[in-house]
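Participant: Read off the chains here:
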Amino acid sequence: MSSALWMATFALADDAPTVLTETDAAMNRAKDLTIQWTVADMAPGGKAPRALGFQVRVKGPKSLTSFDAPADLKGTRVLVLARDQMWVWLPSYGKVRRIASHVTEQGFMGTSYSHADMNASRFGDAYTAASMTETGEAWVVQLDAKPDAHAPYPQIEMTVAKSNHLPTRIAYQTAEGKTIKVETRSDYACQAAVCLPGVMRMEDLTRPGAWTELHRATWAADTGLADDVFTVRTLQMGL
Amino acid sequence: MTDRWVAWVQRPVTATILLALTVLAVLGMAPLAARVERDDDLLAFLPADSPEIIGFREVSDRFGGLDITFVGFETADALDPAFLRKLGALATDLDELEGLDATLSLANVDDFRQDPSGGIVSDRLIQPDDGMTREARWERIRSRPQVAGNLVSADGKSALLLAFHAVGSDPRTVAGGIAAATAKHFEGGSWHLGGSPAIARHIYETTERDLAILSPIAVAVILAIGIASFRSLWATALALGTTSIGVLATFAALGATGTPFTLVLSAMPVILFALGTAYSVHLLSRATSARRDGLSTSDAVARALRESGATVLASGLTTVAGLASLATMDIAPMRVFGLTTALGIGVTLVLALTLVPALLSRFGLDGAPPPGGRGGPTERLAKATIGSPRLVVATLAVVLAVGAYGTTLVDARVDVRAFLAPGSEPARAVQFLETAFGGSQVLQVEVTGDAGEPAVLREIRRLQDALSAVPYATRTDSIVDVVPLLNQAFADVRRVPESREQLGLLYGFVAGRRAVDALVTKDRTSSLMHVRLATNDPDGLDAAVAHAETVARPLAGAYRVTRDPERSRALAVDAIAHRLGNATAVRQVFDEPPTASVAVLSAALAAYLSGPECFVPLPADVAAALADLVVAEVPQTVWGPAIEPYGAPDEVAMAIDSTLPGLRLRYDAEVAADALLAATGGDATQRDIVAGLWLEAADPVLTPDPRGTTVLDVRVTGTPVLYRGLARSVTANMISSLASSLLLVFILEVLFFRSVLRAFIATTPTAVALVVIYGGMGLAGTHLDVGTSMLGSIVIGAGVDFGIHLARAIDDRGGDVFAGVADAAPGIWVNASMVAAGFAVLTLGDAPPLFNIGWLTTGAMFTAALATLAIVPFGWHRLAASTTRA
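In order, the protein sequence lines correspond to chains V and Y. Take the first sequence: its position 123, counting from 1, is numbered 123 in the numbering used here, and each next residue is one higher. Take the second sequence: its position 553, counting from 1, is numbered 553 in the numbering used here, and each next residue is one higher.
Derived from the structure by calculation, the hints contain no laboratory data.
In silico DSS-like cross-links for lysine-lysine, where the CA-CA straight-line distance does not exceed 30 Å:
id : chain 1 : residue 1 : chain 2 : residue 2
1  : V       : 162       : V       : 178
2  : V       : 59        : V       : 74
3  : Y       : 184       : V       : 146
4  : V       : 95        : Y       : 522
5  : V       : 146       : Y       : 86
6  : V       : 31        : V       : 146
7  : Y       : 522       : V       : 47
8  : V       : 74        : V       : 95
9  : V       : 178       : Y       : 184
10 : V       : 178       : Y       : 86
11 : V       : 47        : V       : 178
12 : V       : 74        : Y       : 522
13 : V       : 31        : V       : 74
14 : V       : 146       : V       : 178
Based on the provided sequences and hints, a complete structural model is requested.
Facilitator: Set out below in structure tokens:
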């Protein structure tokens with residue numbers, strides 16, 4: 001199916017649950033992804049952003065992340081097989097460490113993105129679409145956390161482009177509706193039906209001046225990543 | 001000149017023009033005054049180029065702000081799930097509070113610990129629904145030195161939440177937000193807000209509240225005294241109205257220049273009312289006297305202007321000059337105070353000499369002169385002093401001697417306790433934090449140098465151990481408390497890592513965490529130690545700072561990283577002995593080190609080979625059998641074939657090689673730690689730390705070398721250091737401002753009287769009043785601080801006014817001392833009473849700083865009046881007598 005036909009289908013969505021369902025579908029269309037990100041992270045009051053770089057391979061819920069910057073983390077690899085199960089290859093210690101993490105709201109490597117933000121690929125798993133408004137270009141969907149879903153934020157206001165059914169702005173909110181973080185996703189590029197933002201930016205409104213920007217350097221979709229990429233053996237031995 | 005002035009002022013059209021101009025000026029100034037913004041930055045009270053302030057600001061910038069609000073909780077059980085839930089909800093709310101960088105409490109402290117199924121668990125240290133028993137929670141907390149005694153008290157009945165303010169945020173606003181959030185979640189509970197931001201907030205709010213309540217009362221009291229003295233609402237309203245316009249002018253000047261309103265300026269309106277009313281009071285006193293003598297209003301006003309106009313002008317200008325001399329101080333808020341108050345006095349003075357006589361001439365003058373003229377106690381005092389010169393000299397000598405002795409007792413201090421009313425919430429918070437958590441004062445020691453080098457961290461730990469002996473130190477925290485815990489999470493041993501690469505990796509994983517950022521900069525060129533002190537006593541704080549500086553200074557220098565087994569071992573022995581005591585026993589264990597049993601090592605290797613971290617996991621029984629063989633040093637050629645069904649022998653060998661050496665070291669260290677604990681009777685909770693230190697005994701160390709590339713520098717900072725700097729600054733500024741004020745006043749009086757001797761006599765009462773007041777402060781144990789240091793200028797401003805008026809009045813009466821006293825004394829007493837009453841009202845509030853300024857200024861005004869009315873007549877009489885003799 002061509003991209004044009006997909007977009008024609010998206011434009012038919014007319015209620016909040018449908019927009020949410022189709023957004024989740026659009027965000028998870030690839031069977032696997034390999035993306036090289038460069039990251040600029042600014043701390044409040046910081047003079048210059050900190051640079052990070054990593055390549056991430058994703059297949060379903062599994063991911064393998066290899067850091068190449070900063071120097072301290074170079075060679076470090078992180079394997080995630082489930083939401084709270086990850087393994088880390090520590091090159092300077094020459095060992096693999098399994099980390100069962102239940103703390104998902106911590107900043108990912110000190111950035112404004114939390115682990116939960118980085119791994120959020122299906123909003124419908126933890127949120128229900130409560131309401132929606134519409135402009136000429138986008139839908140603005142209000143998401144409420146499902147009870148007992150351990151959603152990281154009580155509410156989310158997500159702006160979804162009608163053109164590709166992908167989020168362009170995500171406002172993470174408290175139960176009272178106060179926005180505490182704002183993520184923007186822009187410069188989408190598509191390979192066949194798979195589209196990916198070129199720039200993702202997260203601003204932490206509770207810490208004025210704190211933001212993190214991910215710039216997509218290279219990417220490839222559906223390259224047929226094998227399952228054994230996502231194993232402890234690969235983590236320790238490398239690809 | 002005076003006649004022309006009088007004529008101009010008394011023209012009916014002048015009153016109309018002046019009134020119109022004044023109304024227009026008021027209308028123009030009001031919007032400007034409304035623009036004034038507050039600035040509650042305590043650092044502004046230190047000169048910008050002071051080493052203390054530079055150090056504090058630099059460290060604050062580097063480590064993300066040193067403002068920390070402590071929220072302390074008293075509860076039946078700090079580990080109770082219901083309490084932890086509330087604490088967690090509060091921490092979540094505070095995470096969203098603007099201006100707050102992060103919080104740290106039992107509810108959100110992160111932790112790494114061994115996972116029974118292999119690897120580690122990264123989770124909250126404890127959680128309300130973690131299913132643990134209270135004893136298990138307590139055991140876990142006790143094993144974490146950064147938590148035990150820091151976030152929960154030793155008895156488990158008190159908890160602490162640390163709220164780190166963001167750089168550049170307004171401490172008072174943020175502390176207010178924290179208080180509101182805490183009140184919401186712990187309504188009816190027992191909680192305390194401590195730390196510098198909370199104390200500053202209390203001081204500001206108490207002072208503002210007191211001033212809001214007491215200022216109108218002070219004005220009413222001044223008004224009442226004015227009405228009682230002159231028996232004229234109209235005359236009194238004129239005196240107070242012109243002063244009000246002076247106050248408005250100062251606010252308009254602040255608004256127009258964008259100068260913020262500081263705590264010091266809070267007292268400015270009352271000071272202006274007190275000093276500014278004097279000019280109208282003297283004129284009214286003369287005019288009402290003239291009316292009593294049967295003159296018409298117009299003639300009475302004219303006579304008052306002719307008799308005292310020039311004196312009022314001279315006195316006012318002298319006061320303006322005295323206040324403006326505060327511009328020489330290097331404390332910015334004090335400069336602003338001096339200049340704006342001088343402006344306000346100047347405006348009031350101009351209005352007193354223009355608008356007041358014009359309106360009196362135009363609309364009439366009722367009332368009567370104030371009492372205290374001829375035949376009153378003042379005249380009797382003058383007669384007594386003139387008649388008993390020896391008694392005067394002796395009394396003056398005694399007063400000056402006692403006062404001078406008292407002034408030697410005055411010390412400039414920033415005593416936080418003096419700012420907190422006994423029983424006030426911050427006072428209780430200070431007491432609570434001292435009792436349950438070892439205090440709320442924190443001294444910081446910054447070590448500039450390569451904190452990415454493990455050998456540097458070991459030196460920092462050595463310094464940290466030494467700092468624990470600082471007087472009143474109850475706990476110390478540094479990056480060397482955190483790094484070993486991280487190392488334990490990733491490599492099972494609580495030690496500073498062996499290599500830079502390992503240390504860098506640990507830093508990389510915790511980048512951006514506030515608890516770490518408060519201890520080491522992101523570029524690792526600087527690290528910070530926090531020393532908590534269980535005192536707020538200035539002497540105690542000064543002693544702690546001095547000790548810390550003495551201990552820290554020797555670390556500064558150039559080093560190189562070397563392998564020096566003897567020094568490495570000595571460092572490890574010292575560090576272990578510091579924790580366990582009994583250095584001799586520690587050395588004995590080092591001399592005969594024990595080793596781990598083969599069985600323990602084999603079990604550990606088997607657990608790894610069958611666990612989730614091994615990339616060739618083996619069945620448990622196979623792993624156990626293989627581990628026994630490997631530990632017994634059976635070669636791969638023997639066990640290889642047997643292992644093939646489960647994994648490639650070379651890969652299994654690779655897994656073993658990557659793990660066994662580390663396991664051997666770890667278990668040897670743990671056995672050694674057990675031996676050390678047994679030999680010294682040490683606390684078992686120290687086992688992991690001691691094992692880590694044991695391993696570090698073979699690591700590289702820093703060796704002093706002038707050509708070395710590892711350069712360390714040390715700086716002691718924190719609020720106790722700022723307090724010391726502030727005290728020094730206040731002392732230096734007060735001495736310079738008093739000296740320059742007195743000199744300026746003296747010069748102006750020489751010009752006014754055209755006589756050095758007369759100027760000396762007229763200035764002497766002011767100098768005596770200063771000695772008496774500062775001596776009184778010393779004898780009463782009242783410290784010199786930012787507020788009380790303003791006292792000198794107030795005393796000079798008012799005292800000079802009295803001296804000039806009295807001396808001029810005597811001169812105007814052709815040297816008739818008693819006639820001069822009769823003319824000037826009523827005005828002096830009215831003014832002194834108004835000022836004293838205005839300030840005395842300030843003693844009724846809760847704010848101790850206002851209380852001090854209140855009673856001291858009240859005393860100063862009466863002292864200045866009394867000294868003037870005793871010394872000037874005496875001096876003028878002696879001067880006249882000697883002139884006659886000559």
